[in-house]
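Participant: Residues per chain, in single letters:
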Amino acid sequence: MANLAVTVNGRKYVAEIEPRLLLVHFLRDVVKLTGTHIGCVVGRCGACTVLWKNKPVKSCMVLAIETDGSEIMTIEGLSPNDRLHPLQEAFLAADAVECGYCTPGMVMAAYGLLQKNPAASEDDIKRAISGNLCRCTGYVNIVKAIRSVVVAGKSQGA
Amino acid sequence: MADKIGYERGSEGAYRRKGAERFVRGAASYVDDVQLPDAVYAAFVRSAAARAKIKSLYLSAARGCPGVLAVLAASDIMDGIRPYRGPEGPLADLLIHPLAQSTVHYVGEPVAVVVAESRYQAQDGVDAVAIDYDLLPAIVDPEAALHPDSPLVFDELDSNVAQEVHIASDGVDQAFSGADHVITERLRTQRLAASPIEPRACAAVFDAASGRYTVWSSTVTIHAVRQQLAEALGVRENRVRVIAPDVGGSFGGKVHPYPEEFLVAHLAKRLRRPVKWAETRIEHLTNVRQGRDQIHYLQAAVRGDGRILALKSKIIADFGASTRFINSLPAAALYTTGAYDIQCQQVDAFGVLTNKTPQGPVRGIGKADAAYVIERFMDIVARQLDMDPAEIRMKNFVPEDAFPYRTATGSMLDSGRYPTCLRKALDLAGYEELRRQQLDLRKQGVLRGIGMCLVIEPTSAARRGQGGAYGACRVRMEPSGTVSAFPAYGPQGQGHHTAIARIIADRLGLVPDDVEVFSGDTAEAPYGASAISSRSAVTLMPAVHVAATLLREKILRIAGHVLEIDPGDLRFEKGAVRATGAPERELQLRQITRIAYMDTYRLPPGLDPGLEVTGFFTVPNIIWEPDEKGRRNEFAAVPYAATVAVVDVDATTGRFRIVKYVTVHDCGTTLVPEIVETQHYGSIAQGLGEALFEEVRYDLDGQPLSSTFMDYLLPTVNDIPAIETDHMVTPSPFTPLGAKGGGETGTLGPPAALGNAIEDALTPLRVKVRERPYTSDRLWKAINEAAS
Numbered sequence: 005m006a007n008l009a010v011t012v013n014g015r016k017y018v019a020e021i022e023p024r025l026l027l028v029h030f031l032r033d034v035v036k037l038t039g040t041h042i043g044c045v046v047g048r049c050g051a052c053t054v055l056w057k058n059k060p061v062k063s064c065m066v067l068a069i070e071t072d073g074s075e076i077m078t079i080e081g082l083s084p085n086d087r088l089h090p091l092q093e094a095f096l097a098a099d100a101v102e103c104g105y106c107t108p109g110m111v112m113a114a115y116g117l118l119q120k121n122p123a124a125s126e127d128d129i130k131r132a133i134s135g136n137l138c139r140c141t142g143y144v145n146i147v148k149a150i151r152s153v154v155v156a157g158k159s160q161g162a
Numbered sequence: 020m021a022d023k024i025g026y027e028r029g030s031e032g033a034y035r036r037k038g039a040e041r042f043v044r045g046a047a048s049y050v051d052d053v054q055l056p057d058a059v060y061a062a063f064v065r066s067a068a069a070r071a072k073i074k075s076l077y078l079s080a081a082r083g084c085p086g087v088l089a090v091l092a093a094s095d096i097m098d099g100i101r102p103y104r105g106p107e108g109p110l111a112d113l114l115i116h117p118l119a120q121s122t123v124h125y126v127g128e129p130v131a132v133v134v135a136e137s138r139y140q141a142q143d144g145v146d147a148v149a150i151d152y153d154l155l156p157a158i159v160d161p162e163a164a165l166h167p168d169s170p171l172v173f174d175e176l177d178s179n180v181a182q183e184v185h186i187a188s189d190g191v192d193q194a195f196s197g198a199d200h201v202i203t204e205r206l207r208t209q210r211l212a213a214s215p216i217e218p219r220a221c222a223a224v225f226d227a228a229s230g231r232y233t234v235w236s237s238t239v240t241i242h243a244v245r246q247q248l249a250e251a252l253g254v255r256e257n258r259v260r261v262i263a264p265d266v267g268g269s270f271g272g273k274v275h276p277y278p279e280e281f282l283v284a285h286l287a288k289r290l291r292r293p294v295k296w297a298e299t300r301i302e303h304l305t306n307v308r309q310g311r312d313q314i315h316y317l318q319a320a321v322r323g324d325g326r327i328l329a330l331k332s333k334i335i336a337d338f339g340a341s342t343r344f345i346n347s348l349p350a351a352a353l354y355t356t357g358a359y360d361i362q363c364q365q366v367d368a369f370g371v372l373t374n375k376t377p378q379g380p381v382r383g384i385g386k387a388d389a390a391y392v393i394e395r396f397m398d399i400v401a402r403q404l405d406m407d408p409a410e411i412r413m414k415n416f417v418p419e420d421a422f423p424y425r426t427a428t429g430s431m432l433d434s435g436r437y438p439t440c441l442r443k444a445l446d447l448a449g450y451e452e453l454r455r456q457q458l459d460l461r462k463q464g465v466l467r468g469i470g471m472c473l474v475i476e477p478t479s480a481a482r483r484g485q486g487g488a489y490g491a492c493r494v495r496m497e498p499s500g501t502v503s504a505f506p507a508y509g510p511q512g513q514g515h516h517t518a519i520a521r522i523i524a525d526r527l528g529l530v531p532d533d534v535e536v537f538s539g540d541t542a543e544a545p546y547g548a549s550a551i552s553s554r555s556a557v558t559l560m561p562a563v564h565v566a567a568t569l570l571r572e573k574i575l576r577i578a579g580h581v582l583e584i585d586p587g588d589l590r591f592e593k594g595a596v597r598a599t600g601a602p603e604r605e606l607q608l609r610q611i612t613r614i615a616y617m618d619t620y621r622l623p624p625g626l627d628p629g630l631e632v633t634g635f636f637t638v639p640n641i642i643w644e645p646d647e648k649g650r651r652n653e654f655a656a657v658p659y660a661a662t663v664a665v666v667d668v669d670a671t672t673g674r675f676r677i678v679k680y681v682t683v684h685d686c687g688t689t690l691v692p693e694i695v696e697t698q699h700y701g702s703i704a705q706g707l708g709e710a711l712f713e714e715v716r717y718d719l720d721g722q723p724l725s726s727t728f729m730d731y732l733l734p735t736v737n738d739i740p741a742i743e744t745d746h747m748v749t750p751s752p753f754t755p756l757g758a759k760g761g762g763e764t765g766t767l768g769p770p771a772a773l774g775n776a777i778e779d780a781l782t783p784l785r786v787k788v789r790e791r792p793y794t795s796d797r798l799w800k801a802i803n804e805a806a807s
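First to last, the protein sequences are chains R and F. Just so we're aligned, residue 5 is where the first sequence starts under this note's numbering, counting upward by one. Just so we're aligned, residue 20 is where the second sequence starts under this note's numbering, counting upward by one.
FYI, nobody ran anything at the bench for these hints, they're computed from the structure. Any given hint might turn out to be false.
Keeping only pairs whose Cα atoms sit at most 30 Å apart, straight-line, the calculated DSSO-like set for lysine-lysine is [what the hints assert, rightly or not]:
1. Lys158(R) to Lys37(F)
2. Lys148(R) to Lys333(F)
3. Lys130(R) to Lys16(R)
4. Lys414(F) to Lys787(F)
5. Lys130(R) to Lys462(F)
6. Lys800(F) to Lys333(F)
7. Lys36(R) to Lys443(F)
8. Lys37(F) to Lys148(R)
9. Lys462(F) to Lys443(F)
10. Lys37(F) to Lys130(R)
11. Lys787(F) to Lys462(F)
12. Lys16(R) to Lys59(R)
13. Lys36(R) to Lys288(F)
14. Lys130(R) to Lys120(R)
15. Lys36(R) to Lys59(R)
16. Lys36(R) to Lys120(R)
17. Lys443(F) to Lys148(R)
A few chain F residues that don't get close to chain R, going by computed Cβ distances all over 12 Å [claimed, not checked]:
18. Leu88
19. Ala220
20. Ser229
21. Lys288
22. Ala601
23. Asp667
24. Gly706
25. Gln722
26. Ser795
Beta carbons are placed, not taken as given, at the ideal position from N, Cα and C, and that holds for glycine.
Produce the complete structure using the sequences and hints provided.
Facilitator: Listed below in structure tokens is the structure:
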């Protein structure tokens, strides 16, 4: 067992964990934040995308112990005051959500992009979410939603 | 018909999908998100062999692993879970056990289950189980498996043929002897995996005091799961409550009850602890029923002018080691003539068992194979006759004045304007100009191809022993004047709640926000079918409409009695009922609900109290009983879509680029146009995956070669070309709302249209493209074989 101290959505967590524990299982089973989903555990589907040190990562590809002393942000951290982030609003307005399972990972991948590149082009957006699979929407409205945030000048928040 | 739903697009403010906010917040609750204190975790030991006898099973090491609470094999659950019989036909002779007995039939078949305090410990337990197999040669080729001398997938059966469908019109042989051309072809659809992004999951709690089970399952079919669970566990179904909370897509994969549900429920009772299980992607890709995988041999009698006089089809469907209802074979056999008026037809279809994962639906079942086959075949016939592919289709389409139309198999095409739809797609694509450009580009050495198709996608299947012909919804007006609705089943992303709220709000003068929808729980849902076969717009929404109308009539009757006005002179308006022409004479809904629930002495004489009704709607055009020629109608409504695709093929690499993708879709009346549009994009994307690279592959030993997302590829955002869509509305005459269902038609377009486009592009090289998906290595090989 190993000791882990990590900040998730601004809150500090200390836990004794197995070194083999994946970050996604730590977030879901230990911290009990279930907005981060599991789809493949080989880093292909992106349903488990979170921000680690401000960069989008697939949390099934990271051992929880690697994040010791660092900061994680999950979908639950995106609207801490209950007010939706412009990206979340845009996903609803553009009908970019169907079954919703890929949505948190998709939003976090987009959030990571817009933090770095607030003026992201359509190509930038496609590149940023190319590691996130959606089986429902055909991506059309997802790209539209992310792009609308850029166009509205709300990439950095409302 | 089209104006039966009174709301205007956007009349209730900006469009919002009902209840979607929890998804963007990460606050939804899928099965594995359900928090059950003190839960333990199950993991499955699965067969590593496609066909083998289990010589010995070593469980003791697993039983000694830290945290492991139980390790059970078939012999340990004999008194806990009853085996079930297969469906009709030869499979009815099979007794099927949730864990393999002495024989395994496919890689991924559950052999044992491990329960432990944590997920990782359960997996450790699985890894500690060893199995000694007596390997037998796997049966992987369905055509070889059909041979009388073939070894058997199930020793208990006489052959590997699990199902047969034969339908024949009179005069087939005469039509062939009198034909100008007889054209034959073999076409095949590859095996597909449904692959919703949420894999399957289930969890169960047993309450010893009441003897009741609560089972959470990421299923589409709560009622069927409950019924089969009860049978398997040997309890009455009212002791089993099944809850499908948020479900992350299905696409066919979550339609059927699976053994894991039986075992998890059994374990919850056995261990007196809540038990959870979450499927891994490898399990999903090897154990969840897989789709398509049919071989069609076609033979057409064709007149010199391109009119098809008769069609013979022999279908061989690879069922894998299926032991459940198999609807893909009849669905294919009934629709081999597609959108065409070919009244002379013979179909001989065989469902063949092999040592592969059991077969089932993947976004379209059987009909998808048939649509692909006939649409590729029309191009093949056109090519042989040197005709334009649009012209041959126009010559053979079911005429627009012939609906409702019965095909030679008895299937009913409810309504349609096929020539108009294809013409519209051709015009939208600029077909004539595209053909001119194609010739110019060929001169420059560019291999451009234009492909088209018009696919039909019959919806709302209903069959003897399986039901499916009706929808049901319970609706209650609450004392506050708001409404709670309880449909028979819930969505897996299709947006049912949005449509239900709109229909009810429209009937009762409310806004959709006044309506809350509760679904996915057998404790509160009326018994009914499930969200399969694109049935919700066809059967469920009319049932919602019926329920809302019943409620409306009752409210008007109460109001009319109290106000002493004929109910016919009353109308609903913003939470009240008002007299037409005398708006000061009104009752607020709250006043009416008070009478219905509290001051019942004020009700009209003889009227029951309460404002709670259940609405049903049964589609009227199912023909359940096959006639002496095998003809019947299993599907209520038939949406369709025309597609024109343009591709450029690079002959040196075998890669192709989609230059243009145009589609015109007709699913009758669209209840929520925004949802239809989003569904249609997703449906097309799934079809693109099918055309581009999705393929479940097995080697000669029956070992799956595509068991992770590294080798079973789903389309990413970069695989989706610009899609131009247009819609037509030809309402179904058989449903009160005119809707036909729109979830699957888009999927059928890309494999046919792109196949035709690629072959068209390769015309100068005389390359035939008959195998899917159209991967670059496959095309490259075909191009090089044609050149040598």
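Participant: Checking against the hints above, which ones are violated?
Facilitator: 2, 3, 5, 7, 19, 24
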